[in-house]
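Asks: Protein chains in written order, with this note's numbering: chain A, 1 to 255; chain Y, 1 to 176.
FYI, nobody ran anything at the bench for these hints, they're computed from the structure.
Glycine included, each C-beta is placed from N, C-alpha and C at the ideal position.
It is possible that part of the hints are untrue.
What the hints assert, rightly or not - Stretch by stretch, here's where chain Y covers chain A in the computed footprint (C-beta under 8 Å, at least three residues):
1. 8-15
2. 32-46
3. 59-66
Said to hold, decoys possible - Calculated Cβ distances over 12 Å to all of chain Y for the following chain A residues:
4. A25
5. L50
6. D52
7. Q55
8. A122
9. G145
10. L147
11. Q182
12. T197
13. H204
14. T222
15. E232
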Amino acid sequence: MNHEQAYALRDAYLDHELDAAATLALEAHVRECEQCAAALGARRALLVQLRDAAQPSPVPPMLRARIVRQLRSHRHLARMRSPWLGALAAGVVLVVAGFLLGRNLARAPDLDTELVDASVRALLSAHPIDVASSDHHTVKPWLSGQLPFSPPVPELGTQGDALLGGRVDFVARTPVAALLYQHGNHRINVYLWPHRTAGIRPAHDRSLDGYHVLTTEAGDFTAVMVSDLSREELAAFRTRWSAAAAAITATAPAD
Amino acid sequence: MPEGDAARTRRFEAVALPQLAAAYNLARWICRNEADAADVVQEAVMRALQYFDSYRGGDARAWLLQIVRNAAHSWIERNRAAGMVRVTDAELEQVAAADDPMAAVAADSAAARLRQAIGQLPLEQREVLILREFEQLSYRQIASILDSPIGTVMSRLSRARDQLAIILRPDMEVPT
Chain A
1 MNHEQAYALR DAYLDHELDA AATLALEAHV RECEQCAAAL GARRALLVQL RDAAQPSPVP
61 PMLRARIVRQ LRSHRHLARM RSPWLGALAA GVVLVVAGFL LGRNLARAPD LDTELVDASV
121 RALLSAHPID VASSDHHTVK PWLSGQLPFS PPVPELGTQG DALLGGRVDF VARTPVAALL
181 YQHGNHRINV YLWPHRTAGI RPAHDRSLDG YHVLTTEAGD FTAVMVSDLS REELAAFRTR
241 WSAAAAAITA TAPAD
Chain Y
1 MPEGDAARTR RFEAVALPQL AAAYNLARWI CRNEADAADV VQEAVMRALQ YFDSYRGGDA
61 RAWLLQIVRN AAHSWIERNR AAGMVRVTDA ELEQVAAADD PMAAVAADSA AARLRQAIGQ
121 LPLEQREVLI LREFEQLSYR QIASILDSPI GTVMSRLSRA RDQLAIILRP DMEVPT
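Could you put the whole structure together from the sequences, leaning on the hints where they help?
Replies: In structure tokens, the structure reads:
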């Protein structure tokens, strides 16, 4: 083997991609040739440096969530579609009719989806709460300072539901209050805004991708709870939350 | 149809999702931009789902990475057509530093310098290098991802490494 051949094959050699005969020939040449030995050594050093420079680049949680969600909706769609093409055609008619009836609804994602998205986004982020406190005397004034309204902040502390804190979230491009509760291993986002807030349509009770959305009212406020708790447990939470909210809206009209 | 679409999608998830990190890494190095890499990966995964019937088992990583690479290349084409691919040195540094929080502090560390140098390589060298050094794929796997002969992989990889050696140590002589 000569210089040129040895030089041309050194990468394949270092990558263990040479066959046995070429490997032996190259090693024999390098033993005799200082220049090629030095070049091979330098290359080996570069590869070691490269290996040290390699770092795992974790997939951003949002990207993973986006893909999983898209695949899941594809799966739901597929399940609906395959046996009943006729039903799909009927669905298309309904969608078109719905579109004609309410273009605003057709243009924007519906509110329930947006709330589930906001909830998932918050829980994926490193800071699902802006003000961390289990004390409504801390959370409520903070929210009032950030928002043009002062939402009820029930603590619920005695029934296995812990208030973790609150944050301001954006839903339908409108700032709303969000309270975060913990129940067992699950977290519950409660979104609050005054009735008839411009730009926000009423939400509906609904299940979406394993999340449940339940709505209720507290005084002048609409409250929507989003969680991956089971529907029954979330309904029970809604009952406890509503009772606690009713108690504070009745006794303490303003903070 | 031997299986339902829903079952097929579930089978696809089992094959594709474990390869997401490799897919994102490749897209990031091709696009040199994290937000675009995320879009490319999402698009590629949905495209892969469409092509899933062409997957005959075997090397899932090489299969998905080929689709990711094609998606990333069309992204580059689209943006070049729109005159939008303009990468500044600062952005390159950002890409290089992005997966290394300490890089901002120790920008002159050897690894950070090396990653920055990789970011400066021409695309055809950069992608081969990433597949070999960071994903540790064999020449054969890389050749199948690029849809090119093994000889092409070999020569691009050699040129990429030569180039890196020059960028890192401009005074070093490359024997001929």
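Asks: If I take the minimum Cβ distance from A:A25 to any residue of chain Y, is it greater than 12 Å?
Replies: holds (17 Å)
Asks: The output says A:T222 does not contact chain Y. Does that hold with a beta carbon cutoff of 12 Å?
Replies: Since the minimum Cβ distance to chain Y is about 33 Å, A:T222 lies beyond 12 Å and the statement holds.
Asks: Does the no-contact call for A:Q182 survive, Cβ to all of chain Y over 12 Å?
Replies: holds (29 Å)
Asks: Per the stated criterion, does the least C-beta distance between A:L50 and chain Y lie above 12 Å, as a non-interface residue requires?
Replies: violated (4 Å)
Asks: Compute the least Cβ-Cβ separation between A:Q55 and chain Y, then decide whether it is above 12 Å.
Replies: violated (5 Å)
Asks: Can we confirm that no CB of chain Y comes within 12 Å of the CB of A:G145?
Replies: holds (33 Å)
Asks: Confirm or reject: A:L147 is not an interface residue toward chain Y, with every Cβ-Cβ distance exceeding 12 Å.
Replies: holds (30 Å)
Asks: Does A:A122 sit more than 12 Å from chain Y, CB to CB?
Replies: holds (19 Å)
Asks: Hey, does A:E232 actually stay past 12 Å from chain Y on C-beta?
Replies: At roughly 26 Å from the nearest Cβ of chain Y, A:E232 sits farther out than 12 Å, so the non-interface label holds.
Asks: Mind checking, does the stretch 8-15 of chain A have 3 or more residues with a CB under 8 Å from chain Y?
Replies: holds (count 4)
Asks: Decide, holds or violated, for the assertion that all CB atoms of chain Y are farther than 12 Å from the CB of A:H204.
Replies: Holds, since 25 Å exceeds 12 Å.
Asks: Against chain Y, does A:T197 keep a CB gap of more than 12 Å to every residue?
Replies: holds (31 Å)
In summary, the numbered hints that this structure violates are 5, 6, 7.
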